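Read off the chains here:
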Amino acid sequence: MKILVCIKQVPQKDAPLKLNDSATWIRDDVSWEVNEPDAYALEEALRQKEKHGGEVIVLTAGPARAQQVLREALAKGATGAIHLEDEKFVHLDSANTARAIAASIEGENFDLIVTGLQSDDYGAAQTGVLLAEILGIPHATIIIGIEKTDTGLHLKRELEAGHYQYIDLPTPAVLTIQSGINKLRYATLIGIKQAKTKPVRKVAWAEVEGRLSKNLQQIERLYIPHKQKQTRLIDGPPAEAAKKLVEYLRNDARVI
Amino acid sequence: MADTILVVAEQREGRLNRVSFETIAAAQSLAKDTGWSIEAVLAGDNLSAPAAELASKAVARVHALEAPALAAYTSDAYVHALKAFLAEKQPALVLFPHTYQVRDFAPRLALALDRALISDATGCRFENGKLLFTRQMFQGKFSADVSFADDTPSATLRMATLQIGAYRGDEAQAGPENTTAPVEHVTAAVANTPPRVTPHEVFQESGQEAKQAVDLSQAEVIVAVGRGIKEQKNLALAEALAQVLHGEVAASRPICDNGWLPLDRQIGSSGQTVAPKLYFALGISGAIQHIVGMKGSRTIVAINKDAEAPIFEIADVGIVGNLFDIVPALTEEIKKATA
Numbered sequence: 000m001k002i003l004v005c006i007k008q009v010p011q012k013d014a015p016l017k018l019n020d021s022a023t024w025i026r027d028d029v030s031w032e033v034n035e036p037d038a039y040a041l042e043e044a045l046r047q048k049e050k051h052g053g054e055v056i057v058l059t060a061g062p063a064r065a066q067q068v069l070r071e072a073l074a075k076g077a078t079g080a081i082h083l084e085d086e087k088f089v090h091l092d093s094a095n096t097a098r099a100i101a102a103s104i105e106g107e108n109f110d111l112i113v114t115g116l117q118s119d120d121y122g123a124a125q126t127g128v129l130l131a132e133i134l135g136i137p138h139a140t141i142i143i144g145i146e147k148t149d150t151g152l153h154l155k156r157e158l159e160a161g162h163y164q165y166i167d168l169p170t171p172a173v174l175t176i177q178s179g180i181n182k183l184r185y186a187t188l189i190g191i192k193q194a195k196t197k198p199v200r201k202v203a204w205a206e207v208e209g210r211l212s213k214n215l216q217q218i219e220r221l222y223i224p225h226k227q228k229q230t231r232l233i234d235g236p237p238a239e240a241a242k243k244l245v246e247y248l249r250n251d252a253r254v255i
Numbered sequence: 000m001a002d003t004i005l006v007v008a009e010q011r012e013g014r015l016n017r018v019s020f021e022t023i024a025a026a027q028s029l030a031k032d033t034g035w036s037i038e039a040v041l042a043g044d045n046l047s048a049p050a051a052e053l054a055s056k057a058v059a060r061v062h063a064l065e066a067p068a069l070a071a072y073t074s075d076a077y078v079h080a081l082k083a084f085l086a087e088k089q090p091a092l093v094l095f096p097h098t099y100q101v102r103d104f105a106p107r108l109a110l111a112l113d114r115a116l117i118s119d120a121t122g123c124r125f126e127n128g129k130l131l132f133t134r135q136m137f138q139g140k141f142s143a144d145v146s147f148a149d150d151t152p153s154a155t156l157r158m159a160t161l162q163i164g165a166y167r168g169d170e171a172q173a174g175p176e177n178t179t180a181p182v183e184h185v186t187a188a189v190a191n192t193p194p195r196v197t198p199h200e201v202f203q204e205s206g207q208e209a210k211q212a213v214d215l216s217q218a219e220v221i222v223a224v225g226r227g228i229k230e231q232k233n234l235a236l237a238e239a240l241a242q243v244l245h246g247e248v249a250a251s252r253p254i255c256d257n258g259w260l261p262l263d264r265q266i267g268s269s270g271q272t273v274a275p276k277l278y279f280a281l282g283i284s285g286a287i288q289h290i291v292g293m294k295g296s297r298t299i300v301a302i303n304k305d306a307e308a309p310i311f312e313i314a315d316v317g318i319v320g321n322l323f324d325i326v327p328a329l330t331e332e333i334k335k336a337t338a
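Heads up: the protein sequence lines correspond to chains A and B, in order.
The C-terminal residue of the first sequence carries number 255 in numbering that gives the first Met the number 0, and the numbering is unbroken.
The C-terminal residue of the second sequence carries number 338 in numbering that gives the first Met the number 0, and the numbering is unbroken.
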């Protein structure tokens, strides 16, 4: 199978974030990592390749810094990479991101496209589904099991509240992958070395710009969430804080 | 329907998904500011029963969009049927609950109509003739006000999905006494080609049912751990705390993904929803997907090294610090206090 994995670089989970001057996005000077569900999508693609042969191409859209997630994916075993390299890609809505991806893979004929079910930054959970619509191919979301069949794919979908469903669909197709579908691997030293020689195809903004439309939604303002509750914060060394907390739970909250 | 909010309700096997009432509540709240009327649509087959339930609420009309091809959900059939329906009706705004099913088809539907879908909103309001949706961003560290580009009062087919739990379904107003909204049965448009996805039965893991392992919804005290617990062996700290409080240990998704705790102890949108008397969030940052499963808890205690963690937004009491120092001290204190 020829598999495309769409991954995104997002701020590290613990990274303190600051608003940009116009309060519409975050400042860029933070630590970055690969979006977690995308890491699971990559792992699943690598496993499918190991079982059935083929290639795994990773793709990301973002400025030069985003190349880091491609290098990591190549070190883990991806065979090639595509980098839509421009700061402007960060500010596309989901539909335009999907259009840019579709434009950049024209003629590549992937059998399968996988991506995480949503991003840890915007969290729209739309790009993968929209990519399928643009490419005119079927899709399935929140997948936690993939089995190749003679006619396509046999998939396990997660539904809400502990329910599941098996579905079949033909390829080519787009799947959005749920975290936890597999166990992530680490890159090996030899993998890291090999990654340096693997091809990264760069796609410039100008190459796909003509295929984009106006963003149909926009962030007016980004802000620290309004506090829903008055939180009593307890400080002091551990033993003292623990004591104060127990007093609170006994005397104020009356729950122990 | 240019002055109408259309609520796309959800059913499975003829049973109404109760979150549909949350979406109605959202529409009713927004209608106060916009003056728009509210209608609902339900896609499926043989929908009289769930449609009647919707019609008991204060909505102007319920459309039962029916075809045998819609009996079992597929994105292809849903997109085809709803696209034709929406293109004809042109409501000002289409609201969906942000369920797994909606996440599966609504983006395609919006794009097929060349419209934007604002997804997973926690609120919506009408300000200066413009709709603004609140969304949680960066795993809840920020909120955003999101709008449709070039929004004008006469625009149609704005589309948005609402986070489960953002509105209260029990606050959806019923219709005036002894009246129900008219239900209109509409024959859904069906494509000439069969859906590309073949769905099979929905099921629960037999292991989960058979074991009847743990019903967290019945626990009075829950000690939940997140990534901050770092290693599986550190779960012992949480177990010790749970033991002195006669509570249950639970976790956020990454812990169960790692296999450190079974899936039936997972709290959040893909796991269980709980509302115990006392909830400890140990090393849990408070991503939206976790919060929706526990925000109804009476007293929430957060212990986290990151003072900016969103969990502190909803905690009643919190300690910013190292849980590996604090939790053992806490267990000792509780032992003393309850001895």
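Because the hints were derived from the structure by calculation, they are not lab data.
Any given hint could be a false lead.
As the list claims (entries may be wrong) - Straight-line distance between alpha carbons at most 35 Å, and here's what the computed DSBU-like set of lysine-lysine pairs gives:
hint: 1; chain 1: A; residue 1: LYS182; chain 2: A; residue 2: LYS17
hint: 2; chain 1: A; residue 1: LYS228; chain 2: B; residue 2: LYS335
hint: 3; chain 1: A; residue 1: LYS48; chain 2: B; residue 2: LYS229
hint: 4; chain 1: B; residue 1: LYS304; chain 2: A; residue 2: LYS182
hint: 5; chain 1: A; residue 1: LYS242; chain 2: B; residue 2: LYS229
hint: 6; chain 1: A; residue 1: LYS243; chain 2: B; residue 2: LYS335
hint: 7; chain 1: B; residue 1: LYS229; chain 2: A; residue 2: LYS155
hint: 8; chain 1: A; residue 1: LYS1; chain 2: B; residue 2: LYS82
hint: 9; chain 1: B; residue 1: LYS82; chain 2: A; residue 2: LYS242
hint: 10; chain 1: B; residue 1: LYS82; chain 2: A; residue 2: LYS226
hint: 11; chain 1: B; residue 1: LYS229; chain 2: A; residue 2: LYS50
hint: 12; chain 1: A; residue 1: LYS182; chain 2: B; residue 2: LYS335
hint: 13; chain 1: A; residue 1: LYS147; chain 2: A; residue 2: LYS17
hint: 14; chain 1: B; residue 1: LYS82; chain 2: A; residue 2: LYS12
hint: 15; chain 1: B; residue 1: LYS294; chain 2: A; residue 2: LYS228
hint: 16; chain 1: A; residue 1: LYS155; chain 2: B; residue 2: LYS294
hint: 17; chain 1: A; residue 1: LYS12; chain 2: A; residue 2: LYS192
hint: 18; chain 1: A; residue 1: LYS1; chain 2: A; residue 2: LYS228
hint: 19; chain 1: A; residue 1: LYS17; chain 2: A; residue 2: LYS201
hint: 20; chain 1: A; residue 1: LYS147; chain 2: B; residue 2: LYS82
hint: 21; chain 1: B; residue 1: LYS276; chain 2: A; residue 2: LYS243
hint: 22; chain 1: B; residue 1: LYS294; chain 2: A; residue 2: LYS50
Owing to the predicted nature of the structure, the values given are computational and were not obtained by experimental measurement.
Each hint tested on the structure:
no., hint, verdict
1, A:LYS182 x A:LYS17, "holds, 32 Å"
2, A:LYS228 x B:LYS335, "holds, 30 Å"
3, A:LYS48 x B:LYS229, "holds, 31 Å"
4, B:LYS304 x A:LYS182, "holds, 27 Å"
5, A:LYS242 x B:LYS229, "holds, 25 Å"
6, A:LYS243 x B:LYS335, "holds, 13 Å"
7, B:LYS229 x A:LYS155, "holds, 29 Å"
8, A:LYS1 x B:LYS82, "holds, 32 Å"
9, B:LYS82 x A:LYS242, "violated, 60 Å"
10, B:LYS82 x A:LYS226, "violated, 39 Å"
11, B:LYS229 x A:LYS50, "holds, 32 Å"
12, A:LYS182 x B:LYS335, "violated, 41 Å"
13, A:LYS147 x A:LYS17, "violated, 44 Å"
14, B:LYS82 x A:LYS12, "violated, 38 Å"
15, B:LYS294 x A:LYS228, "holds, 11 Å"
16, A:LYS155 x B:LYS294, "holds, 29 Å"
17, A:LYS12 x A:LYS192, "holds, 27 Å"
18, A:LYS1 x A:LYS228, "violated, 50 Å"
19, A:LYS17 x A:LYS201, "holds, 29 Å"
20, A:LYS147 x B:LYS82, "holds, 31 Å"
21, B:LYS276 x A:LYS243, "holds, 19 Å"
22, B:LYS294 x A:LYS50, "violated, 43 Å"
Hints 9, 10, 12, 13, 14, 18, 22 from the earlier list are contradicted by this structure; the remaining hints agree with it.
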